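Asks: Protein chains in written order, with this note's numbering: chain W, 969 to 1635; chain V, 969 to 1635.
FYI, nobody ran anything at the bench for these hints, they're computed from the structure.
Given the structure is predicted, the values throughout are model-derived calculations rather than measurements.
Take the hints with a grain of salt, since some may be wrong.
Same chains, same names: a pair is fine if it fits in one copy or spans any two.
As the list claims (entries may be wrong) - Below 30 Å or equal to it, Euclidean Cα-Cα: the simulated DSBU-like pairs (lysine-lysine) are: (1) LYS1420 <-> LYS1531; (2) LYS976 <-> LYS1157; (3) LYS1620 <-> LYS1420; (4) LYS1534 <-> LYS1620; (5) LYS1389 <-> LYS1157; (6) LYS1225 <-> LYS1082; (7) LYS1314 <-> LYS1620; (8) LYS1420 <-> LYS1389.
There are 2 protein chains.
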Amino acid sequence: MAKRTPHKPEEGRRRVLITNVTPELDGGRYPIKRTPGEAVRVEADVLLDGRDVPACLLLHRVAGRKAWREVPMIPLVNDRWFAQFLTDEEADYEYTILCWINRFETWRRDTLKKVDAGLDVKADLLEGALQLRQAAAGAPAKAASRLRAAAKCFEGSAPEAQVESLNDPVLSSFMLQHDERRFASHYSKVLRVQVDRPRAAAGAWYEMFPRSAALEPGRHGTLRDCIRLLPYVAGMGFDVLYLPPVHPIGGTGRKGKNNTLAARPGDPGSPWAIGSAEGGHQAVAPELGTLDDFCALVSQANRNGLEVALDIAFQCSPNHPWVTEHPDWFYRRPDGSIHHAENPPKKYEDIYPINFECDSWPQLWEALRDIFLFWYRQGVRIFRVDNPHTKPFDFWEWCLADVRARCPGAIFLSEAFTRPKIMYHLAKIGFTQSYTYFAWRNTRWELTEYFKELSSPPVSEFFRPSLWTNTPDILTEYLQAGGRPAFAVRFLLASTLGANYGIYGPAFELMQNRPREHGSEEYLDSEKYEIRSWDRESPGSLRGLITRINEIRRENPALLTQKSLKFHPTDNEYLLAYSKRNAGGDNIILTVVNLDPHYRQSGWIDLDLEELGIDTETFQVHDLLGGGRYLWSGSRNYVELDPQMLPGHVLKVLGRARREGDFDYYD
Amino acid sequence: MAKRTPHKPEEGRRRVLITNVTPELDGGRYPIKRTPGEAVRVEADVLLDGRDVPACLLLHRVAGRKAWREVPMIPLVNDRWFAQFLTDEEADYEYTILCWINRFETWRRDTLKKVDAGLDVKADLLEGALQLRQAAAGAPAKAASRLRAAAKCFEGSAPEAQVESLNDPVLSSFMLQHDERRFASHYSKVLRVQVDRPRAAAGAWYEMFPRSAALEPGRHGTLRDCIRLLPYVAGMGFDVLYLPPVHPIGGTGRKGKNNTLAARPGDPGSPWAIGSAEGGHQAVAPELGTLDDFCALVSQANRNGLEVALDIAFQCSPNHPWVTEHPDWFYRRPDGSIHHAENPPKKYEDIYPINFECDSWPQLWEALRDIFLFWYRQGVRIFRVDNPHTKPFDFWEWCLADVRARCPGAIFLSEAFTRPKIMYHLAKIGFTQSYTYFAWRNTRWELTEYFKELSSPPVSEFFRPSLWTNTPDILTEYLQAGGRPAFAVRFLLASTLGANYGIYGPAFELMQNRPREHGSEEYLDSEKYEIRSWDRESPGSLRGLITRINEIRRENPALLTQKSLKFHPTDNEYLLAYSKRNAGGDNIILTVVNLDPHYRQSGWIDLDLEELGIDTETFQVHDLLGGGRYLWSGSRNYVELDPQMLPGHVLKVLGRARREGDFDYYD
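Use the sequences and the hints to build the structure in full.
Replies: Right, dumping it as structure tokens:
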């Protein structure tokens, strides 16, 4: 078969190739994520033929604006260049790269080499002068006069002055700016940055069931009861109050206490079995109160420094209005009956999944999108999305982008406990934050490997981890077995490893640790199926520790970062050491945790002193949790932790310890 | 700034996402390379929502044909799938991936789980039957009858028969084939394979200067003299005879012996200073003979089992006809003079580089392309391209594709000794083979790291290394210092590490090792600037070793592969051990080299027995070079090599050694 001969390019004189750009997700298909003030460091391979010097600019702008801002890129090694820019506005950004042959720099380098070798450079200097005069013709007055002065110098000044001009960095900078940029190569893609508000990057979440908010045991809690509990939650220093679904609960197939098949009269059912004659996803369950109550809760929460996050679960009870209004939105069997949810051999008789393969999918997508819009109008800015991995990716990509465009500040937390690539993909297609495997990572190796992956590119470019100690579905074996120290350790880890973290309370602070049965991660007498009454003022509560650590988080911006996380080696497997630093580098926190809830553990830590900003032999660290101050020396230092006393140290690195020479009387 | 809301996709029900496909070079921008009979193993991440099973097909075809061939992909771990196909024709191939929801497999898996759990599956079986009948409607007769029989079985046979049908792999395969493939996802790209002829993948090259081909000392050698030397070259077992440029050499700025600035009368000049009044790149230097002589050499070489490779160097002497015919193809200084080539402070007064930024670049490109076409018409099928990294990438990409389309079987060797990413990029844009850093890789660590990189993806997908012991520009320190053993070691390494390798002779086999000066890699009295006379029949020649190793290469297809290269650990840094296997796996060669040219070295090798195809305790290896046979046992075996005797072992792995039970009399 004869092969077709190729066409020549329209312009065959573009000699610079830009490739292997980072960050770039899936060939630029998805945006990276930032919050205002964060930097985007861009690197690229810049390849060209021959010995010429390339000119490389990083271009960036707020999406939708016309003009690009330019940052000169700097060569690293092996044909790799870099530059960075700050995302100062809460808007989407774009960036790309522009390169061309830097004739002036090429000439400058070669001429300097000839000067060094003692060669005659008269003809060379005239070439440079010509370049300068050409550039001056298109430059504004101030630059033009500088360029012409240099040209004049090369045309006939003393050799010393000429060499000085050759080495003048201002000249190089003007020439880069005012070069005609002949045959410039644009990188083939314009890459995107999604800039979210700061809460997207850091926050402490508290999950609770409104049904158990009543102060009187046995009464069904209401949204008004939740308002009364706001000082309790805010007092512990949380930022977000997250509520499971608040909608009417179906009666058909309703589950009883401890997930039994037959509900007894008075059993409230699972809040995730959404919809009844009283309404669907845009209604409030009458037993919780009214929509007005909900709005009151949202505004009262705000007054307490809390945001309300609402659970959005796209599934229906058999009594949901949609089941009759939109029968095609559900799967039907050949006999006409509707498929309930299942994971064979498990069945979920109280839930119908949604059929995204229906013919009226465009209407379905809009109806689902409208649920976000409705609750946004009621003041909700944060959505915790239930099981997003069981709905199509294309739906999410459209829905989240549509809601973001209409609802400034909307944040979406992906509750997908599934395979890693699926979790990552959901983050790429628009989820702001994501649940993680944190709950099941207990050993030093597990925690180190997992959090290195989460805190480094490419994952850190798009996936914001949210670390949960427990959820209504997850009571881990570690918490079941380890007593109070286990709860303290897991809280300390979640709140210091994660810029975003959460607890499900009051089960957590009251250290509920009994599973429904051996080998299960379900809580015994779970609030998912019944009303619980909690003694929130119990003297044994972890409330004090939680309050203190949230205080430390607010005082130390280092802890509100994720990408700065670095691990430090220890010689005891039960000791985990890691540090974080803020963008300015003036706040550095080193956390050391004893992962063993049973025994005292001690050992040596090998500190990366550069990471900690230490350049002296001796330095002080201040334990913000335990209160102690330690004078440390060099990179190897000793730590001893008793789980009955303290789960770990949260050490503020204070830098150089003062010595005799630091005091007035020394001189 | 208000954000724009996104559009819905045209079809919102495609639920499968195909991503992270390998091999894929720069987002599919460049083809991977193969030779006929080689496999292309394709992997991809296949992601979808929920618990459904995806159907995944690898599609491939010869480019230009309409129909795709389909290969079912098989799941590995972590949502990764794979399949492979063979490139059986010497043509370009295309491949891509097609996925959709495999409703039948999803149903089959879930129904089997329910059967295992003892649940009633009557309604489920009816669903499966419906699917089978739907598929049967669109299937050819034989498949349709099988599908209908299964449907009937699910509609009412005995449970045992139904379970048997559920487990029937033929049914699954028919359903995959005849599924309606609703809402299928095509991978967004069609990826390409460039399939070259076998010589692209493996060959032994011999470089020589025709000017030194005369038998009588002092006379300028001719192309006719080269014909007389063909039996000498072919007798050593080489496949390719590579000649430096054969064109008229310029007189202006001509270099004298040992690269002196002033040539003396009779000095022949550098063959790379191309062009004189006698012609340019399409002429033969009169002192070498005529174009007819050249064609005679090509055809005589072919009769000796040799191909002639010609050097293509796109640069001109000041006397090249183009300098007057196309003045705009050269760089001019402000004073109107033409820039000679330079690498400040070094100057090349006998060479003008070509100005690819000229306005008439389309004509220039065609003129350069025509040089390849001209020599192809004279019978040349292999081109060694001089310094391609000093000409624009876009030119090469067009030129090589254009020549390949017009000239079946054309092979291009890239002579770019430059930075690694540039070398790799030249391979991506169309060069068939590439020179490497082999000449300067001497230690075990250097050789292991470098050849692991070259023999593994992604590099091995597009870069075919050519290993040269020496070139007219490169007489390495190792050869200068190590005496005869050094030449033997480097030859053994080149010819067994590299499927493609070359030597520059007779300097190599006659072990020329004197540099022009201390610290230089230039040969003293280099043929680049003068005629040399060689005693090719010298008893001290390495010819015997070369002949034997080329014989071994021809007898052992393992050595003609590159990607199969695997290193085996040794406990002595001077011992390098590596193996190769052919595609069938029935030819396995283990090479062990003593990298120390001075001392006897011994040590233990830790063999990867699986890689060697060994599954027994004891096995035999036969040294094809030294002749010895060794009975080896287990993975650790002892080796001792004296550089004065033998540079290494080339061991054919013979597999299981026979034991008592293998003989008739044992039973």
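Asks: Each of the hints needs a verdict: does it hold here or not?
Replies: Here's how the hints hold up against the structure:
no., hint, verdict
1, LYS1420 <-> LYS1531, "within (9 Å within a copy, 32 Å between copies)"
2, LYS976 <-> LYS1157, "both (21 Å within a copy, 22 Å between copies)"
3, LYS1620 <-> LYS1420, "within (22 Å within a copy, 45 Å between copies)"
4, LYS1534 <-> LYS1620, "within (15 Å within a copy, 50 Å between copies)"
5, LYS1389 <-> LYS1157, "both (24 Å within a copy, 21 Å between copies)"
6, LYS1225 <-> LYS1082, "between (88 Å within a copy, 26 Å between copies)"
7, LYS1314 <-> LYS1620, "neither (49 Å within a copy, 57 Å between copies)"
8, LYS1420 <-> LYS1389, "both (16 Å within a copy, 28 Å between copies)"
Comparing the model with each numbered hint stated earlier shows that hint 7 is the single one that does not hold.
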